[in-house]
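**Student:** Chain by chain, the residues run as shown.
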Amino acid sequence: MKDYKLSKQIKRFSLILIILGAIGIAFGFYSAPSNIDESKEILANMSQDDYGGEYVDDVHGGGYNQEFGYEALSHHYDHDKHVFYQLQNKPWAAIYVPALFFMMISLGVLAFYAIQRASQAGWSIVLYRLMEGVTGYLLPGSILVIIILVFSALKFNHLFIWMDPEVVAYDEIIRNKVGYLNIPFFFARAIIYITGWVLYRNITRRLSLKQDTNNDVSVHKKLFKFSAGFLVFFLISESMMSWDWIMSIDPHWFSTLFGWYVFAGMFVSGITTLALITIYLKSQDYLDFVNESHIHDLAKFMFGVSVFWAYLWFSQFMLIWYSNIPEEVTYFITRIEDYNLLFFGMVVLNLIFPLIVLMNSDFKKTNFIVILTGIVIVIGHYLDVYNMIMPSAVGDMWSFGATEIGGFLFFLGIFIYVVFKEISKAPIMVKGDPYVVESKTFQYYNLD
Amino acid sequence: MSVKRLHVMFDDDDVLLDAVKEIVKNKIYIYEVYCPFPVHGLDKAMKLKPTNISIATFIYGCIGFTVAVLMMYYIMIVDWPQDIGGKPSFTLIENIPSFVPIIFEMTVFFAAHLMVITFYMKSKLWPFKAAENPDPSTTDDKFLIDMESGSNLSKTKNMLKKMGAISIKEVKEQSEK
Chain A
31 MKDYKLSKQI KRFSLILIIL GAIGIAFGFY SAPSNIDESK EILANMSQDD
81 YGGEYVDDVH GGGYNQEFGY EALSHHYDHD KHVFYQLQNK PWAAIYVPAL
131 FFMMISLGVL AFYAIQRASQ AGWSIVLYRL MEGVTGYLLP GSILVIIILV
181 FSALKFNHLF IWMDPEVVAY DEIIRNKVGY LNIPFFFARA IIYITGWVLY
231 RNITRRLSLK QDTNNDVSVH KKLFKFSAGF LVFFLISESM MSWDWIMSID
281 PHWFSTLFGW YVFAGMFVSG ITTLALITIY LKSQDYLDFV NESHIHDLAK
331 FMFGVSVFWA YLWFSQFMLI WYSNIPEEVT YFITRIEDYN LLFFGMVVLN
381 LIFPLIVLMN SDFKKTNFIV ILTGIVIVIG HYLDVYNMIM PSAVGDMWSF
431 GATEIGGFLF FLGIFIYVVF KEISKAPIMV KGDPYVVESK TFQYYNLD
Chain B
7 MSVKRLHVMF DDDDVLLDAV KEIVKNKIYI YEVYCPFPVH GLDKAMKLKP
57 TNISIATFIY GCIGFTVAVL MMYYIMIVDW PQDIGGKPSF TLIENIPSFV
107 PIIFEMTVFF AAHLMVITFY MKSKLWPFKA AENPDPSTTD DKFLIDMESG
157 SNLSKTKNML KKMGAISIKE VKEQSEK
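Heads up: the protein sequence lines correspond to chains A and B, in order. Start counting at 1 in the first sequence, then tack on 30, and there's your number in our numbering. Start counting at 1 in the second sequence, then tack on 6, and there's your number in our numbering.
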């Protein structure tokens, strides 16, 4: 057993990703309009191709609804200004989506880690150091998200329209929510969530390293207590985080199971990332104590949580579709009309594909198939986050261009670098945990 | 020396598993192992053919899915279209979201019930059937291997005792059913 050293390939690869991504992002910001005239020019160019110049009433994804909207619109609504805001939002949204996505992968793995600790699982001990590596991205990742949020609050973009006092003044629905949706409280909450997560992450990391030199079972008990307590905090803070950072982009719209939905997405993408990293490191001969049964278990989680995600996705969609209440249904109308392929294509990637491919028990232990499905799931959940943010931020002005891909690559590069750096900092196999032997000899009875 | 039939009792599943592996290694035929609960890995140790019930279940699920789609299509679209909550049901595709819970439930219903029925039939279990296990304590806390003695009875007995058998009973060879 040798300990992991950050390889030159990984360093070079992540650096290339960051540079490519930065170029894409820079291009996006460069081509975004800086005033209304430029925005009109872009729009005129677009109309020559496919934009009919025809103006859709609720391009703002339910930002203005029937009851209150038009009354408010008559005061200040200006189509050109609206499109300008959307185009101005575009590069910001394009980096906000991957920033959030990779932060949530890390958070999902943190929740998975806490569940393993709290349930005192026997099989997953060999993967603890990899999980701790992935959660190492949580602090830099959330700081990157916070930086984008600060730029929003400073009016560099119009992602969160409730941050604009002009909009709030004309909008009765947002005015009624000001007690919760106001900038100081928003950032206070954000700091509480991040502090809680990072605190738990650093405490358990330190305890886990302490356990390496110390066979004392009291460390194990402490880890259990911290994890059980953290899960309570996590479920509340994660739910509120999803309202704050995602749902409030559409301040009129609300869904009571949104927190669960976002959780299922981050959980499955986190577990998938963990499986990908495990298989990668195993192929590099670092993880000879990880056997087929461990991979099989991770793939079972990928399969199960994908179905769970789809269950929540459908529950949210079906109830809103069926009740057809204008202020709720606008959310799905924008997505189905303007994002049809993405919206339903994402369900194919996130449910149908893993459901069919991972159903077979033998496939779950085949590295190649787990990697293939894993990549599809990660892309699918990136599109899921894209579908949560973009329709409200840029309306029908979306596209997949240099900025979106660049943003993804940029954060992927940072993620890879931070995660592997963190993995290389500690011995790759934990010692001193009471279940180490059980985990090393773990064998799913139904595998050959 | 004729081959006898042995009923060998164990009181622990791990001991039983090791004993079964040892018996199989000595190429002695095992008719059946009776356990109070499923012992993981026993089928592998006895070198039984892997079960196909998961494939059968998948097919049953597909049947349930098809039946549910056709059923909802006939009931809600063809036979009696209704306007429920401003959602008139005139085509299947437009109304499919409201049928998904039914399709899901029917898929699970078909898969689960048909799988259990298949399992009963394969295990020859039906109401009023007389119990096959030779000793009622195998429904409580004991494990029993119903096996051949092999060509050398005393050698087999020694081996079984060494593997932790708590009792070895020779039974009269009945005609195989």
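Think of the hints as simulated: they come from the structure by calculation, not from any bench. A hint or two may mislead.
Stated by the list, open to error - Simulated restraints, written as ranges between beta carbons of each label pair: (1) A:L385 to B:L131: 52 to 60 Å; (2) B:D17 to A:F263: 56 to 64 Å; (3) B:D18 to A:L261: 35 to 43 Å; (4) A:L261 to B:K161: 51 to 59 Å; (5) A:F254 to B:D17: 27 to 35 Å; (6) A:E468 to B:L131: 33 to 41 Å; (7) B:P42 to A:F215: 30 to 38 Å; (8) B:D85 to A:P214: 56 to 64 Å; (9) B:I59 to A:F254: 52 to 60 Å; (10) B:K168 to A:V247: 43 to 51 Å; (11) B:I108 to A:N370: 49 to 57 Å.
Even glycine gets a Cβ: it sits at the ideal position worked out from N, Cα and C.
**Student:** Within 49 to 57 Å or not, the Cβ separation of B:I108 and A:N370?
**Tutor:** 25 Å, violated
**Student:** Is 33 to 41 Å a correct range for the gap between the Cβ atoms of A:E468 and B:L131?
**Tutor:** 36 Å, holds
**Student:** A range of 27 to 35 Å was offered for this pair. Does it hold for the Cβ distance of A:F254 and B:D17?
**Tutor:** 34 Å, holds
**Student:** At the C-beta level, are B:D17 and A:F263 separated by a distance inside 56 to 64 Å?
**Tutor:** This hint is violated: roughly 47 Å between Cβ atoms.
**Student:** Is it true that A:L261 and B:K161 lie within 51 to 59 Å of each other by Cβ?
**Tutor:** The hinted range 51 to 59 Å holds for A:L261 and B:K161, with Cβ atoms some 57 Å apart.
**Student:** The hint says 30 to 38 Å between B:P42 and A:F215; measuring C-beta to C-beta, is that right?
**Tutor:** Violated - the Cβ-Cβ distance for B:P42 and A:F215, about 60 Å, lies outside 30 to 38 Å.
**Student:** Is it true that the C-beta distance of B:I59 to A:F254 lies inside 52 to 60 Å, as the hint says?
**Tutor:** 38 Å, violated
**Student:** Could you say whether the range 56 to 64 Å given as a hint is met by the Cβ separation of B:D85 and A:P214?
**Tutor:** 60 Å, holds
**Student:** With respect to the beta-carbon atoms only, verify the hint that B:K168 and A:V247 lie 43 to 51 Å apart.
**Tutor:** 36 Å, violated
**Student:** Starting from the range 35 to 43 Å, see whether the pair B:D18 and A:L261 falls in it by beta-carbon distance.
**Tutor:** 36 Å, holds
**Student:** Tell me if the beta carbons of A:L385 and B:L131 are separated by a distance inside 52 to 60 Å.
**Tutor:** 32 Å, violated
Checked against the numbered hints given earlier, this structure breaks hints 1, 2, 7, 9, 10 and 11; the rest are met.
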